[in-house]
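Visitor: In case you want the letters, here they are:
Protein chains: 4
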Amino acid sequence: MIPRYTPADFADLWTSDKRFKVWLDVELAACEAMERAGLVPEGVAARIRAKDLKLDADRIDTIERTVKHDVIAFLTHVEELAGEDARWLHRGMTSSDVLDSSLAILMAEAVDKLLLRTDALLAALGKRAREHAETPMIGRSHGMFAEPVTMGIVLAGHYAEMKRGRERLALARKAIAYGKIAGAVGTYAHLSPEIEREALAKLGLEPEPLATQVVPRDRHAEVFTACGLLAAAIERFATNVRHWQRSDVGEAEEAFTAGQKGSSAMPHKRNPILSENLCGLARVVRAAVTPALENIVLWHERDISHSSMERMMVPDVTTTMAFMLDRTKSLVEGLVVYPQNLQRSLDRAGDLFFSEGLLLALVEAGMARQEAYVWVQRNAMKAWRGEGTLQSNVLADSDITAKLSKERIDTCFDLHHVLRFASVMVERALAS
Amino acid sequence: MIPRYTPADFADLWTSDKRFKVWLDVELAACEAMERAGLVPEGVAARIRAKDLKLDADRIDTIERTVKHDVIAFLTHVEELAGEDARWLHRGMTSSDVLDSSLAILMAEAVDKLLLRTDALLAALGKRAREHAETPMIGRSHGMFAEPVTMGIVLAGHYAEMKRGRERLALARKAIAYGKIAGAVGTYAHLSPEIEREALAKLGLEPEPLATQVVPRDRHAEVFTACGLLAAAIERFATNVRHWQRSDVGEAEEAFTAGQKGSSAMPHKRNPILSENLCGLARVVRAAVTPALENIVLWHERDISHSSMERMMVPDVTTTMAFMLDRTKSLVEGLVVYPQNLQRSLDRAGDLFFSEGLLLALVEAGMARQEAYVWVQRNAMKAWRGEGTLQSNVLADSDITAKLSKERIDTCFDLHHVLRFASVMVERALAS
Amino acid sequence: MIPRYTPADFADLWTSDKRFKVWLDVELAACEAMERAGLVPEGVAARIRAKDLKLDADRIDTIERTVKHDVIAFLTHVEELAGEDARWLHRGMTSSDVLDSSLAILMAEAVDKLLLRTDALLAALGKRAREHAETPMIGRSHGMFAEPVTMGIVLAGHYAEMKRGRERLALARKAIAYGKIAGAVGTYAHLSPEIEREALAKLGLEPEPLATQVVPRDRHAEVFTACGLLAAAIERFATNVRHWQRSDVGEAEEAFTAGQKGSSAMPHKRNPILSENLCGLARVVRAAVTPALENIVLWHERDISHSSMERMMVPDVTTTMAFMLDRTKSLVEGLVVYPQNLQRSLDRAGDLFFSEGLLLALVEAGMARQEAYVWVQRNAMKAWRGEGTLQSNVLADSDITAKLSKERIDTCFDLHHVLRFASVMVERALAS
Amino acid sequence: MIPRYTPADFADLWTSDKRFKVWLDVELAACEAMERAGLVPEGVAARIRAKDLKLDADRIDTIERTVKHDVIAFLTHVEELAGEDARWLHRGMTSSDVLDSSLAILMAEAVDKLLLRTDALLAALGKRAREHAETPMIGRSHGMFAEPVTMGIVLAGHYAEMKRGRERLALARKAIAYGKIAGAVGTYAHLSPEIEREALAKLGLEPEPLATQVVPRDRHAEVFTACGLLAAAIERFATNVRHWQRSDVGEAEEAFTAGQKGSSAMPHKRNPILSENLCGLARVVRAAVTPALENIVLWHERDISHSSMERMMVPDVTTTMAFMLDRTKSLVEGLVVYPQNLQRSLDRAGDLFFSEGLLLALVEAGMARQEAYVWVQRNAMKAWRGEGTLQSNVLADSDITAKLSKERIDTCFDLHHVLRFASVMVERALAS
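Order-wise, the sequence lines are chains C, B, V and X.
Under our numbering, the first sequence has 100 at position 100, and the numbering climbs by one with no breaks.
Under our numbering, the second sequence has 137 at position 137, and the numbering climbs by one with no breaks.
Under our numbering, the third sequence has 380 at position 380, and the numbering climbs by one with no breaks.
Under our numbering, the fourth sequence has 61 at position 61, and the numbering climbs by one with no breaks.
These are calculated hints, taken from the structure and not from any lab test.
Possibly wrong hints are sitting among the right ones.
[What the hints assert, rightly or not] With a Cα cut of at most 30 Å, we get these calculated DSS-like pairs of lysine-lysine:
#	chain 1	residue 1	chain 2	residue 2
1	B	LYS403	B	LYS382
2	X	LYS202	V	LYS163
3	V	LYS329	X	LYS68
4	X	LYS163	V	LYS202
5	B	LYS68	B	LYS54
6	C	LYS113	V	LYS68
7	C	LYS163	B	LYS382
8	V	LYS113	X	LYS163
9	V	LYS113	V	LYS68
10	V	LYS68	C	LYS68
11	X	LYS329	V	LYS174
12	C	LYS329	V	LYS68
13	V	LYS68	X	LYS382
14	B	LYS163	C	LYS113
15	B	LYS127	X	LYS68
16	X	LYS21	X	LYS163
17	V	LYS68	C	LYS127
18	X	LYS54	B	LYS68
19	X	LYS21	X	LYS51
20	B	LYS18	B	LYS68
21	B	LYS329	B	LYS68
[Said to hold, decoys possible] Looking from chain C toward chain X, a few residues come up when the C-beta cut is under 7 Å (computed):
#	residue
22	HIS142
23	GLY143
24	MET144
25	PHE145
26	ARG246
27	SER247
28	VAL249
29	ASN271
30	PRO272
31	THR290
32	GLU310
Note that CB positions come from ideal geometry on N, CA and C, so glycine has one too.
Please put together the full structure from these sequences, using the hints given.
Guide: Written out as structure tokens, the structure reads:
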């Protein structure tokens with residue numbers, strides 16, 4: 001989390017103030033459940049809530065420096081503010097009951113924000129995909145001109161992939177929303193499953209089916225893997241933008257804001273810096289997947305090796321992901337598509353991409369595939385060397401004209417025909 | 001894939017013979033769909049099927065060395081065996097139509113095998129968890145004696161985590177079962193969505209909603225992340241076994257086969273080598289997650305950078321995963337639990353783990369939590385130093401006996417009470 | 001970089017203020033070299049230096065928000081403060097000349113700090129290794145009691161590994177101290193190799209032998225891999241501490257400060273939280289290695305995909321590394337070793353670890369190794385089951401006593417003999 | 001290691017036959033040293049050597065299936081072949097003495113082969129760099145036309161980076177060549193440092209300064225990080241080739257062998273499949289770095305968790321690296337450079353890349369940098385929109401012509417001038 005890449009709502013989400021507020025929510029929800037179970041006198045939680053405590057994060061930090069334990073420091077401070085009633089808080093609980101239930105609340109909130117952003121991004125992508133459903137562009141495989149596609153097809157492909165990313169994230173949202181109010185090693189020694197269920201329900205969480213001292217870390221890892229997959233989907237899109245914006249290509253480019261300067265030395269350059277930045281950030285998000293998997297392997301009922309990674313990387317990754325989604329959305333919305341340059345590329349590609357149809361026509365006309373291949377290739381290579389177009393060469397190739405009429409040959413070179421499913425494809429992807 | 005870690009069915013799955021067989025299945029399914037669409041003369045596929053071709057992987061390799069293209073080599077060889085009919089195969093298709101649909105079939109088959117193995121492992125774990133639902137053991141957090149749990153609770157926790165791993169793998173199974181028969185850049189230029197749907201249905205695959213030249217690689221990455229998560233769940237279990245088997249602990253150990261020799265220098269040692277091996281293999285499986293995420297970012301309609309990784313790591317990771325699941329299952333089944341050593345550890349732990357109950361009793365009796373903490377700690381520290389037990393010290397502490405009766409104090413030290421939810425927890429986890 | 005894990009000097013190092021100060025240093029050093037080359041009027045740099053500019057990071061940020069370019073924003077602000085002379089700065093240079101030379105300066109400074117900390121850690125480790133050179137402890141392989149070692153040998157092993165880590169870091173320090181003052185694509189189009197050499201020498205940097213627009217990123221990656229290796233060495237040590245501190249073992253433990261509270265629920269527990277924390281931080285450091293390797297692959301003369309990763313991870317990783325080194329040093333210094341518990345473990349191990357010597361004595365006495373193995377094992381297994389010690393069993397085994405005299409048998413069971421090289425080993429490692 | 005990516009010498013290196021042969025070398029070298037120390041009767045090793053044992057890997061595997069221990073199986077088989085003398089082998093040693101010393105020998109041999117291949121690759125790169133030292137091409141930053149470079153400069157940059165990769169690999173070669181003949185936990189309980197030194201010297205290894213049961217795994221990790229760095233250097237080159245070969249660019253391409261077919265559907269395409277393959281393989285090599293770092297963290301005197309990873313990934317990574325080096329060398333040698341297309345790109349870039357020189361000329365003439373920037377940019381933007389060239393626009397801009405003479409303006413647009421250091425740069429890099 002560095003200010004440059006931190007949306008405002010994530011800056012708020014990952015503050016000490018917010019964290020301690022959620023800790024208090026958890027303690028009070030647990031306290032209320034214990035009141036109903038008769039383990040704590042009635043009215044304790046209500047009285048503390050009524051005081052509307054203003055927790056002081058700095059004060060808690062100061063206490064922690066002595067007691068070397070964050071939850072004890074927190075509880076000590078709550079007692080400073082709330083007085084005697086506070087002694088009933090945390091009854092029969094362990095630190096991880098508070099920490100892990102709180103982390104679940106915060107991570108679920110973070111993922112909710114990511115889901116909303118993904119929806120916004122998908123809406124933007126879908127809109128642009130429809131807009132360009134029929135805008136032809138040369139497809140490229142291995143970076144080489146292949147057969148034509150449309151800009152809308154390409155965008156719809158990114159839509160479908162990010163949609164799958166959204167589904168995985170939604171599953172991770174469900175997986176992470178599990179808390180625990182079960183005591184030191186999860187056995188409810190001084191609590192009960194009922195108390196836990198009631199307290200967590202109030203907090204919007206499910207009870208962990210079987211916790212150790214902590215909620216198992218495969219849940220957290222699933223959030224990281226879902227982010228890794230979504231970040232990669234963004235990186236693929238950003239990489240395509242970078243390709244399109246190349247000076248050699250110029251088919252589309254990032255919106256360029258007034259006043260922006262591309263380079264200190266090259267005043268005219270418009271660099272795809274948003275897209276490049278997204279590619280770099282994808283590496284950052286992806287980098288958290290492996291430590292998240294390593295965090296799963298805690299010893300016995302738990303150790304605390306996961307904690308430092310989570311302190312750093314849960315805020316980092318969710319925030320970076322939010323920033324990426326915002327940036328990608330505005331990148332999509334602002335993307336300037338240059339149909340004339342798309343056409344220029346099609347022209348540069350020549351008509352070689354129609355060779356496949358020609359090959360098929362020859363096979364249909366009774367030739368063996370490998371022989372037809374040789375006939376097509378010889379005409380293609382000529383065109384490739386700049387001698388005529390494939391179409392003109394073929395029309396002059398007496399072997400081929402002996403097999404195919406001029407009309408049949410001409411139908412092989414029809415752009416609209418090869419793209420006849422473009423809108424169908426776009427709509428199918430948008431409905432996926 | 002090295003023989004040492006390769007189950008027989010995975011050795012068969014990832015052979016050239018199997019791969020080419022599946023390629024032929026794909027070609028024939030596509031051919032049949034094209035026959036019905038009138039693009040290929042009726043009967044072609046049936047005639048080829050009737051010939052029951054014996055594909056020769058070596059011959060295909062030989063051809064590939066000249067043409068430098070695997071699918072062309074394959075088709076050339078099919079034509080060698082099937083004759084003229086073969087020229088109708090692959091009509092309007094691109095290599096990736098065959099390769100990616102085939103890869104989906106093979107990966108789905110691999111994941112099916114993994115799911116079956118996971119089920120067997122879960123059954124074994126569940127059985128052992130029930131067996132030891134009420135076998136007390138000392139829980140450990142940070143490696144320190146904490147409060148008691150039962151061996152069954154611990155095993156049920158591993159069950160629940162691996163069950164979640166199974167669910168992720170089942171989702172990945174769905175995600176990977178997408179194929180593509182859509183031509184060079186996925187636009188059905190010489191095909192149609194109907195042909196694709198029909199051909200893939202026969203192969204047990206869904207059509208990719210929007211393919212480029214290839215099926216998008218987030219699907220494959222999801223298989224790798226699911227494996228990474230399941231491998232980590234196994235590693236957590238294996239790490240616990242390693243801890244239990246330590247000479248210092250001795251609470252449980254791997255089955256030791258007759259004739260096995262632990263060490264060339266220490267004839268009596270029984271090392272947890274299966275568990276250690278599983279930890280190492282988890283690293284291998286996890287290592288594939290990042291390149292799988294990197295593979296997603298193909299250029300334009302595709303590049304072939306994903307291919308070499310997949311050639312090596314798809315077989316490696318699925319096979320290693322299968323081996324891990326088999327080995328973990330037999331580890332679970334053979335795990336020798338030593339109740340007397342579990343009791344020894346509980347005895348070593350002394351009665352300090354009852355301090356929490358005592359603290360709560362004092363708070364219930366009206367004390368402030370922090371003050372009660374000090375009273376408990378002073379008695380606990382004495383016991384820790386070997387002076388009496390916590391219970392005897394507390395009964396001799398006049399501050400505490402002034403607050404709590406001897407009967408109340410004794411109830412704080414009841415092992416059955418703190419474990420009263422053990423069976424409930426185990427059953428809940430097994431039902432999760 | 002979160003406050004919890006940030007040493008004060010690294011908090012200072014990675015501020016905007018420091019960064020802009022170094023940028024100005026680079027611009028002025030380049031300016032002076034250009035003055036000497038006659039490209040810039042003499043005295044410009046000196047006059048700007050004399051003004052002792054107070055750069056305002058917030059002001060630069062404000063300008064950047066308009067111009068969307070950090071170096072242009074910086075130069076604009078310098079001109080605001082320094083006036084007309086500033087127009088001579090950055091002549092013929094590109095942003096990366098400033099950014100990469102500055103990054104080299106800052107990373108070299110960071111690594112220097114890490115090297116000093118490593119030296120302090122090594123001194124602490126060496127001291128403790130000598131202190132315990134002859135303190136016997138039971139060695140463990142696979143977590144099982146093996147043959148004896150000494151605590152000093154173990155610490156010396158960690159010393160040697162961290163020393164190798166230091167050497168790699170020192171090489172990375174050399175590798176990173178390369179700058180570039182060579183213009184837009186590194187060709188010195190409006191500069192010269194001489195100007196670069198002179199300017200960089202003043203800044204303590206070597207000129208990059210062949211830069212593109214940027215200094216190649218394998219240099220930066222080498223810093224990350226060196227950190228990853230050193231962090232792993234620390235993790236191995238921390239893992240050992242965690243093992244020693246286990247309640248089951250108790251051979252050594254982290255220093256426990258007065259007032260520290262181990263657990264909110266278990267007042268008496270002393271958890272190895274420093275060591276666990278180090279293990280978690282090692283994952284964080286290690287996680288940066290892969291993106292650092294990915295950063296190497298820039299397109300053509302450069303793209304900016306590396307930048308976001310570096311903005312986040314260069315400060316994060318170097319700072320975390322510094323924190324780890326500090327924490328490990330105090331962990332080593334404060335480590336409480338319990339010789340009586342070391343002896344308890346040796347006692348628990350029984351005398352089985354002498355079996356190797358006995359085996360050798362039997363072989364020396366003329367037996368085949370495999371047969372001797374059987375004889376030793378049968379006595380060892382009895383001792384393992386609690387029937388006598390190996391020594392007593394062997395003395396009662398008439399097969400063995402027929403081969404070996406009682407005196408010869410007794411010499412096989414001499415602890416001092418098997419540890420006779422302990423001090424030699426420690427000194428050799430400390431000299432490595 | 002799959003046949004497709006396995007050079008013949010690596011296929012030989014990583015066989016069971018080779019491994020067992022090296023194990024025997026280690027046992028015999030140790031035996032000879034023990035003979036000289038009087039621990040083993042003289043002549044044992046010589047007699048076994050004289051028998052020139054034909055070890056049977058299958059037989060060893062069979063034995064291992066019973067004894068579950070590879071080294072015991074090996075020794076049992078040696079005794080089958082060599083008879084009574086064999087009982088003297090392995091005296092006082094532990095399996096890891098053999099395994100780790102052997103692994104060091106094999107990895108050192110592997111790295112030697114990689115170093116030779118790197119040298120061959122560097123020679124090829126250097127040759128091509130000199131050949132094209134003065135061949136102008138347009139430099140690209142952010143994928144956008146920047147200022148000119150030469151093809152030789154670019155190749156020399158790759159040379160310098162791979163040379164650094166070679167140096168790191170040479171250091172890793174030194175780091176890995178450490179063995180251990182020190183017994184169960186490395187204390188020489190039944191051996192001595194002298195015996196170890198003598199035996200290892202014969203095998204070309206240094207003695208590990210302080211081993212546990214095993215040689216510490218940071219040494220092996222260093223080989224993996226060195227490979228990761230070198231693979232990334234190759235990936236950067238391969239990525240550039242992919243860019244150059246794009247249909248949009250066409251500046252250079254991979255050699256295309258006669259008979260090769262680019263695509264089953266597009267007969268004329270020439271895809272950069274070697275380069276794409278190299279990018280994918282780089283991911284495979286990089287993927288091993290993290291598990292190699294994880295392997296370092298063994299418990300106490302060792303556990304065996306590193307072993308499975310090493311069995312799979314040491315052969316995989318070194319072999320893949322060798323294949324990559326071979327392929328990159330032939331890629332470099334066969335790379336077809338198209339000067340006319342390089343010129344076409346320069347033409348497409350127009351003369352905008354001369355703007356920097358113009359900007360400097362205006363500043364030299366007394367203008368403030370930011371003002372000059374505005375003047376240049378307005379002319380650049382016109383040229384960018386296709387209205388004139390920068391040069392013609394500037395000559396028609398009366399603001400500028402009032403500041404600069406036509407002659408001064410013309411010198412700003414001289415390609416040879418901006419590339420005047422090209423050969424110097426190439427030679428400097430080749431000497432680095």
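Visitor: Confirm or reject each hint.
Guide: Outcome of the hint check:
no. : hint                  : in the structure
1   : B:LYS403 <-> B:LYS382 : holds, 20 Å
2   : X:LYS202 <-> V:LYS163 : holds, 27 Å
3   : V:LYS329 <-> X:LYS68  : violated, 42 Å
4   : X:LYS163 <-> V:LYS202 : holds, 27 Å
5   : B:LYS68 <-> B:LYS54   : holds, 22 Å
6   : C:LYS113 <-> V:LYS68  : holds, 27 Å
7   : C:LYS163 <-> B:LYS382 : violated, 61 Å
8   : V:LYS113 <-> X:LYS163 : holds, 28 Å
9   : V:LYS113 <-> V:LYS68  : violated, 33 Å
10  : V:LYS68 <-> C:LYS68   : violated, 44 Å
11  : X:LYS329 <-> V:LYS174 : holds, 29 Å
12  : C:LYS329 <-> V:LYS68  : holds, 19 Å
13  : V:LYS68 <-> X:LYS382  : holds, 22 Å
14  : B:LYS163 <-> C:LYS113 : holds, 28 Å
15  : B:LYS127 <-> X:LYS68  : holds, 28 Å
16  : X:LYS21 <-> X:LYS163  : violated, 34 Å
17  : V:LYS68 <-> C:LYS127  : holds, 28 Å
18  : X:LYS54 <-> B:LYS68   : violated, 40 Å
19  : X:LYS21 <-> X:LYS51   : holds, 13 Å
20  : B:LYS18 <-> B:LYS68   : holds, 21 Å
21  : B:LYS329 <-> B:LYS68  : violated, 43 Å
22  : HIS142                : holds, 4 Å
23  : GLY143                : holds, 4 Å
24  : MET144                : holds, 5 Å
25  : PHE145                : holds, 4 Å
26  : ARG246                : holds, 4 Å
27  : SER247                : holds, 4 Å
28  : VAL249                : holds, 5 Å
29  : ASN271                : holds, 4 Å
30  : PRO272                : holds, 6 Å
31  : THR290                : holds, 6 Å
32  : GLU310                : violated, 19 Å
The structure is inconsistent with the numbered hints 3, 7, 9, 10, 16, 18, 21, 32, although it conforms to all the rest.
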